[in-house]
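Student: Going line by line, the protein sequences match chains A and B. Numbering-wise (my numbering), the first sequence opens with residue 3 and increments by one. Numbering-wise (my numbering), the second sequence opens with residue 3 and increments by one.
Just so you know, the hints here were simulated from the structure itself, not pulled from any lab data. Among the clues, some could well be false.
[As the list claims (entries may be wrong)] Only pairs whose alpha carbons sit at most 35 Å apart, straight line, appear in this in silico DSBU-like list of lysine-lysine:
| hint | chain 1 | residue 1 | chain 2 | residue 2 |
| --- | --- | --- | --- | --- |
| 1 | A | K301 | A | K356 |
| 2 | A | K367 | A | K84 |
| 3 | B | K290 | A | K442 |
| 4 | A | K192 | B | K181 |
| 5 | A | K442 | B | K325 |
| 6 | B | K181 | A | K346 |
| 7 | A | K192 | A | K442 |
| 8 | A | K442 | A | K367 |
| 9 | A | K466 | B | K81 |
| 10 | B | K248 | B | K221 |
| 11 | A | K276 | B | K308 |
| 12 | A | K442 | B | K308 |
| 13 | A | K261 | A | K287 |
| 14 | A | K64 | A | K95 |
| 15 | B | K81 | A | K64 |
| 16 | B | K308 | A | K356 |
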Amino acid sequence: MKDNRVIGRSGHRVILPRLVMITTLCCLLLCATAFAQRPKPAAKPAPAKPEQARAIVLRGGKLMTITHGTIENGALVMENGKITAVGAAGSVKVPKNARVIDVTGMTVYPGLIDSETHLGLTEISLDTTTNDLEETSDAIMPHMHVYDAFHAESDLIPVTRMNGVTNAIVAPATRDTLPGQDSFVQLAGKSSEEMLLVRDIAMPLNFTGAQRRNESFQTAKFPQTRMGMAAQLRQAFIDAQDYSQKFADHEKKAADWEKEKKGDKPSLPKRDLKLEALLPYLEGKRPVVLAAEEPSDLKVAFGLAREFKLKVILNHVSHSQILVDEIAATKLPVIVGPIYETPKDDERYDSVFKLPAELVRRGVKIAFASYDEHNVRNLPYQAGYAVAWGLSREEAMKAITLNPAEIWGVSDQLGSLDVGKSANVVVADGDPLEVRTDVKRVFIAGHEVPMESRQTRLRDEYMK
Amino acid sequence: MRHPRALFLLCLLFLAAGSLAAQQPAAHNEVLIKNGTILTITHGTIQNGSIYIKDGKIAAVGQVVEAPPTARVIDATGKFVMPGIIDSHSHLALDNDVNEATSPIVPHMMMQDAFHYTDKAIYRALAGGVTTSLLLHGSANMIGGQALVMKHKYGLDREQMLFPGAPPSIKFASGENPKRVYGSRQQMPSTRMGNFAVQRQALEDARDYMRQWSAYDAKAKAGDKDAKAPKRDLKLEALADILRGKFLVQIHCYRADEFLTEMAMAREFGYKIRAFHHALEVYKVADKVAAEGIGMATFADWWGFKHEAFDAIPWNAVMSMRKGVRVAIKSDSDDFARRLNQEAAKAVRYGGATEDEALRMITLNAAWVVGVEDRVGSLDVGKDADIAIWNHHPLSNYALVDQVLIDGEVFFDRSLPGFGMTHYKEGQ
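Chain B extracted, bound-state conformation (with noise of 0.2 Å):
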């Protein structure tokens, strides 16, 4: 008689497990921002604003929001609550590994292959509020490698860190970059000319490889036996995926003139541009890029360091958003990717951008250049509740970020001992 009831007691604990396990991730996945400064970044400020989020994603934001009794509670009161930053110019988590530079085209580098995932670089950016990067190759190449989005969920596993869905970037290059890599070694190219030489024989060369591949294609579907398949090639391959459109084309140059050939070029071969990168000069030529519908990846006020950033002026930021032009505001730094709200504060300084443009310049607008706006960059229902909670308003210099959620799970906490990490382990 004891048999039946000891199985029933077994069932009464494996339901208690189940729902306990059903239960969990529920909580888990349910959690509500409380009583904060909502920075919403497409929709202005709420004050005493709240937002719910479930499995992940935002499911409301305002003043008042209805959420669960099982909701986890997380008081902003008297915090400033934005969405988390998106630095869309990094090299981080890639050690010595940013540049091949044994070649001037190297489109078929995959910055996956050289992904540091554990580099304490980024949890200091995550510290700093970070929760998406566009790692890119470097750029000693006119043609460099392929770009990897990153969000910083520092201490999961390398598969958990890639931003799923994110479209596939390129970095191209020109200027004194690679000019002085290959000029040093008695290679072109060695001037700006040389540079755009071999940018355009290289895309010449992927028109030559896909007309290759269509005569192969249209003979094998004639029923050719015959045909030969041209041997696959994966610098061809992706150079020829530029010309298809396949990549958002992320380019590294200074100069006005600059920008002008990169754009004949681009229309020349067919392939849109996504952003320039460092863009010093957009200033002078801003309703020009602006009519492309090019964005950029600015520094704020970062000049001198060369030739080509001598007219470099902390006002480009904000002169070329007034023409149209889509401005971030990026690291290209270890450093600088700790603190972009005091970057992003310099739009405000230099310029007189608004809070909420200056914001943008490090969320929103450098979320369209990574090419994941509809993902990221704002507080709005349905988007990744990927939040950073502030102290103060992020664009003071005394503010710190107290809390970092991605896909809604908090992954820093200034609060907790030690490394202030919720899924980083000791001596990982």
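Next up, chain A with everything else stripped away, as it sits in the complex (with noise of 0.2 Å):
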């Protein structure tokens, strides 16, 4: 119980002992477990089945490799849908057949990983025939899959990836505590199963005080208030809790019967799939995302997380400045933002720009994300705000593609130009964290994205 002492010193005995554990455990599993939970069919990316006929070759660019440092006047190399060789343009052979296309005085990174976003779940936010955000029925609703919903064909994927993101975490929208699973996509693919890298990922727990159904007097009902929506979690975890110690019991019922098979056979427990979609989330092999804002819900957010031995990520923490230090100590990653959040009147105007640099000096692993449908291509403009306010360049270019890979259990496919990673490549035409910075090439599973979208045929249209 080494981690008393840390809690002993901090003051915050109740919250942090487990949580410390949990993270550590968090960390190891996260890694190792995340992507061999993917499910069978989906769980090849689309580089898998490439069809990408020849290998294609970048040449004369710099390259940001984001895991071995920039290299300038480099080569890269596409086969199969993955990246066969990345070094000095002198030192790469380039194969047979290749297409060479030089990039000379462009920049090429990685394809940018957003960590929350709607993609697919809406087209018009106003329009709620095309809306699939939210299952609102009910604030429990684990069972509740993003890729039943994530709709391929969308207009918004084009215009985003256009801009070099490529890859996105899929989430409902967060008007209830458990809205449901969500998932890992590629931007690019012939159908959803293809674009769907990872189904089920992790589970959000929302607890910024938004999800209290308390609009007004006449329509509030149940949870109504904080207390509510932390009992109620409470409740959903201990009945998820029995409903497995249901199972086991069974199961132990069932092999005593089978050594005698006297009298019935044991019947099977009904199965309950809101139930039973908590059970990989207590069992620690999927994260959870842990929305909070403000210190206060914070602490009963990681209280609940402690209680119930959740592995975490955690997501916001806007306004929760006094607590960096403790955050840092619990080793948790982060996705932070959006910087954009307002502070509070009591804040200091740049208190939430400041974020991200605060959390990275104590050593915490960040990750940007957009938390958008429209607007997901401006991830990169976030991370090159908080630039400006004081976070690296390297560290930026980071939380969008080498830390999000690793928070998500895909660093072995995504998230860095090295040998054996998928093929997600950008090329553009200046510091990617720059707004003026024009993207010129996508690639994405070694393919080439066509620079096309709903927007950009309108352009040319109007343009004549």
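Starting from the two chains in their separate frames, assemble the complex, guided by the hints.
Tutor: Here it is as structure tokens:
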């Protein structure tokens, strides 16, 4: 129980000890298990069935590898959907019949990963017929799977990937505490099946206060308060534990019955998909994305996570500046932002802008998210603005590439320009974190994605 | 004998105090910004340039300027100096009083009556380089209320924050918002036909009101003692003022067909439209909008939030500009108001605006939309000394505002402790 010492010092004895434990476990498990977790048929990312006919070589550009520095005048080879060589232009061997693209003066970097979007769940925000954002009939809906709604042909996807975002977490909206399970997608492919790299990757647990159902006194229903939200969540996890126990008991009874075959064979308990959906999370097989903004909410959410030994990825923490040291002590990764969240009136105007830099300074692994659908393409600008507020450019790039890949357990496939990884590669005419930079080419699993969208078609039509 | 001497001493003291008093404001009123990269907006970029400010106005701009040694010096070495940003479409500091959504025609609403002048949102936008904002009524109404033009002099009294002499603007809106608000209540308008029928009837009512008053005025002038003045009606009076050309008409609308309808109605009733706001489909009919001399205040790349925003493209601003439309990029958001420079940078990215053209969209063009282009929006002699000083080029994502001056006075300084404010008192 050495964790207790940590707690004694920080004075938060209830919340932290288990968390530290969970954290360590979580970090260990995340990388090890999340990828192994993927359901078999969809487990293979798109590069597994590549139709990339010819090798493609990007030669002459500045390669931001993320893992091993920047290579000026480099070359990168893509074959069969994978990166097969990365290095100085002179040292990389060009395969026979390769299509060589001169990218002199360009910057080449891995496809960007957005750690929370609603892509494929909505087309027009105010047009309800186009929305599958959230099943709001109940606050506890862990059996809602984003993959059942993900719309591969959404017009929003080409708009997004044209700016270099190639992968994203798709999450339900956040009106309720447990709205369902997230998927991890690739933003190109012939069908939703091809694009859903990990069907159930994590479960959001939202505790920001916005989930209270207290819009008006007339329409209020449970949970109307934070007390209600916490009680309801706790009950849901306890019910799931009971449910799990029921099956364990049955297994034991069935085994006993098999020995003697006396009396009726014990009947299987009725399956309940809602409770069943919580089990991988109670068993620590998949992470829970714990969303809280204010210190008080973060403490309650931490408490729940500790009580049920949940594996945790933190989300937002926008107004919890006073807890940055505690957050760092947990070693949990943080999806930070959006940094555009308005500060509270008693906070300085730059308090949220500075948060990524403050977290990284304390050793926290961060990733950025747009938390958006139509404007996911602007993800790199958020990272860039965090640089203005003290984050290093290297860390900012990592927070939209390698860090999310590691946090989501897909870093063997994505997040850097390394041999063996999926050829998700972006070519731009400058610094990826600057608004003025134009993205010129995007490759996803070795395929060059057409730089076309609903928006370019409208542009071209009216440019005539 | 001691008496006259004491008097003399007292006189001396008074003199000293008097000269101090005379000197202090003078020193305060004279500022020299030195050695910066000056982004003038109207006459290019001046490297290692200076600006001399006197009595709140720009008195000189150039590589070498003459300034008295009493002027307070701001060293802008390595920094970028541009005119304060102008947000031509804002609802900040209006709390939940943006929309009087109880009738589609509410031209007698005055935003000044809702102006929450101590709202911290004003300070946050100031810290992003914004010095002037047009606070508009919401878009639930075909004809909404009268706007307020504010200078972001956060910490001062309400009256000191109003832009003196700014022309009055009035808000119009068409399309989905009024449809949704009244349609959901089973009221007119629930369609675009309803939208424009309501608007046209309101303007006809105004004509009728004007006729009643002219008839009365004619009678009174002719000496008719029995002439009875019509009842004064604030709503009709405001509508009549639209027809009399007393307002800059600022119209919220998205679709190409709506621009055409609004322009036709303006011609029919004889008023001028100053600018279309949001204006996401101007690129489809830009030549027509340009021909009428109408400006636009638009989002850089926001789209898809509703059906009438689904044809929005990020090239809209530059495509429309190339056809001759005066384009401003605005926030319509307390968040975007803090980083309009980054929104302007999108005009470089999408369509290849020059840096000057992009910056003009958040300065001089925006000032034109608000009707204060003679006063602010560029670094020219005679204009108000509303100036933002940045640590990098303002179109860079890495740029932060170091200082903001309004009327020659510093209102924000990032290096200060606490909130970085010069006029703000804790607990205010």
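Student: If you test the structure against every hint from before, which numbers come out violated?
Tutor: 4 and 9
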